Amino acid sequence: MSQVFDVELVGVTKRFGATVAVDQIDLRIPKATYCCLLGPSGCGKTTLLRMLAGHETPTEGDILIGGHNVSLLPPAKRGTAMMFQSYALFPHLNAVDNVAFSLKMRGVGKAERQEKARRYLELTHMTKYAERLPSQLSGGQQQRVALARALITNPSVLLLDEPLSALDPFLRGKMRDELKRLQTELAISFIHVTHSQEEALALADLAVVMDGGRIQQAASPRDLFDKPRTAFVARFIGGQNVLPAPGSNGLDRGEIAVRTDRCHLVAPDEATPAASLLGSITGIEYQGSRVQITLSIDGAREAISLLPDDAYFAKPFKIGERARIAWSEGDVHQLSAP
Amino acid sequence: MSAEAVAARPWRRKLVPYFQAGPLTLVLALFLIFPIVTIVIVSFFDYNSVQIIPAFILDNYRDVLFSKVTWQTYLNTFGYVIVVWAITLFIGFWIAYFLVFHIRTNTIRIACFLLTTIPFWTSNIIRMISWIPLLGRNGLVNALLLHAGVTGHPLEFLLYSPFSVVVAFVHLNTFFMIVPISNTMARIDKSLIEAARDANASGWQILTNVVIPLSKTGIAIGSIFIFTVVMGDFATVNVMSGGQSASVGLMMRNEMSELQYPAAAANAVVLLVIMLLIVSAIVRLVDIRKEL
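Just so you know, the sequences run in chain order V and E.
Our numbering numbers the first residue of the first sequence as 1 and each following residue consecutively.
Our numbering numbers the first residue of the second sequence as 1 and each following residue consecutively.
Bound conformation, chain V alone (with noise of 0.2 Å):
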């Protein structure tokens, strides 16, 4: 069977009670793809997690994975194996029969459960610490393990919440790698929830930034950042000003997003650029690499540019100063109405 696509959302809403957590979901993800779910909390991105898991049932909707209508089946008649946030490690068994425990509800034999799960274990790296309980591992230890757990099912798809907020910024970092490396490996999809927008730039093939139960736009993270559709995703996303479009004769044309990299800062006693907003420097904050300056135009708006150390250091400037923060007309990206 040539299914194109691992997942399809179609119209999926999910009310509890009055609130709205999800509302009228479309939503394709095609084959081996690595989705990551954002948004800020109470987006509905874990319920909508949820609903693909089973454990929630969708209001209205329908959802498909490898092509089935998945919407009223049991969670583990789905195809698809969920990692959940605080892990939910059974604490009375030790790693190997953690991943083995699905193996076993299936009636498999001590034995060969036991060895399989111990194949898991060694795809993530947890070999060493298979005869541990929960409580005797750390916490990157227990998701390795928990992994393992949600892999060893061979699901299509794989569900994780929120997986990495748990960890410290170096762990972080290193099971981000290992994450997408087991997604190409294993050529499924990985669906992931975070809040965090540079887990999604540094992962997903597919972004989806929601807000208030919607999709405000699902694209791969370099359209994501470079174009982002409205102001709540360049504002999101970040490494964006969102600025009033220069309206000519007072018409309002909506909101423009520039990139703070591509703004840099003028005198105002210099010539006036064509594009360009006065205003007084807020905050000077030194980043390495980068130097970001944030100014307020008219106390109402700010403006960040970022910019290279050596070009700042070459001209800088004070806090409290007045200055123009300029770009050229090719880095103006029109933003829609939300």
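Think of the hints as simulated: they come from the structure by calculation, not from any bench.
Predicted model, so just to flag it, every value in this text is computed and none were measured.
Just so you know, even glycine gets a beta-carbon here, dropped at the ideal spot from N, CA and C.
One thing to keep in mind: the hints can contain errors.
To be verified - Okay, derived cross-link-like pairs now, EDC-like style, lysine to aspartate or glutamate, Cα gap no bigger than 16 Å in a straight line:
#1 V:Lys31 x V:Asp205
#2 E:Lys190 x V:Glu56
#3 V:Lys110 x V:Glu56
#4 V:Lys77 x E:Glu194
To be verified - Distance ranges between label pairs, derived from CB positions:
#5 E:Phe113 x V:Ser196: 51 to 57 Å
#6 E:Leu32 x V:Ser196: 55 to 61 Å
#7 E:Arg284 x V:Glu115: 41 to 47 Å
#8 V:Ser165 x E:Arg104: 23 to 29 Å
Starting from the structure of chain V, add chain E where the hints point.
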């Protein structure tokens, strides 16, 4: 007091923990250790029909350990313990399961918990007397059975029998199973149940592979409650069996009413040792410290 002042007077610093532990030590010494030591001492005393004679004899223990009556009484009491334990465990487990996993709102859960305390809303004596109009020869149950034609003559075993003793024990003590078990169950992370369902576990498999293993400490604590309460009881056995059944507690009470305090004391020491053995066996089986 500043840190330097403490450091300057080290003897004072050393005394502080003793003062902190003092009050509880005093209470325990006065109300736990002193009575037990007294009982142990008295258990070696001699006695006749009118007085207790300070002495050091082993006759009391010989009487307890080598009398056929003692053995039969212990066996009888163990019988009650096992039956009551099994029934309260079964009922208590399922009530706890229902309270924790099936009731969704906390208000209703608290209301249901209060309902389980109903057996304690009246005094022990009234509670036991009120079984008579229910289970007696002309009681409600017999009237109902006769009326429905289930039986031709009133059932005699309903009251003043081992059956009624067990009924009264279960009625009162199931609560002591419900509380610790539901306490342990409430701490089971709900995502573990979802993870088990993800792994294709059926409802029964979730119960045997996740819920029961993770409720073990609660079951152990509840079992200790039941064992100690039923092993030491004399009032329930006496009233509910109509004085026809024996228990260890009852045996001691009878000895005391005949002023044979040293004999009763020896009996009490033996019971204490047996209870300690049972409890330490349970504690070895299940690590209850997780719960404390």
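Holds or violated: Lys31 of chain V to Asp205 of chain V, with C-alpha atoms at most 16 Å apart: holds, 11 Å
Status of the given 41 to 47 Å range, CB of Glu115 of chain V versus CB of Arg284 of chain E: violated, 33 Å
Verdict for Ser165 of chain V, Arg104 of chain E (Cβ pair) under range 23 to 29 Å: holds, 27 Å
Ser196 of chain V and Leu32 of chain E - C-beta distance against the hinted 55 to 61 Å: holds, 57 Å
Restraint status (C-alpha distance of Lys110 of chain V to Glu56 of chain V at most 16 Å): violated, 32 Å
Pairwise hint evaluation, Glu56 of chain V against Lys190 of chain E, where the allowed Cα distance is 16 Å at most: Holds. Lys190 of chain E to Glu56 of chain V sits at ~14 Å (cutoff 16 Å).
Satisfaction of hint between Glu194 of chain E and Lys77 of chain V, Cα-Cα up to 16 Å: holds, 14 Å
51 to 57 Å as the expected CB spacing between Ser196 of chain V and Phe113 of chain E, which holds or is violated: Taking Cβ atoms as reference, Phe113 of chain E and Ser196 of chain V lie about 42 Å apart, which means the hint is violated.
Going down the numbered hints, you'll see the structure goes against 3, 5 and 7, while the others check out.
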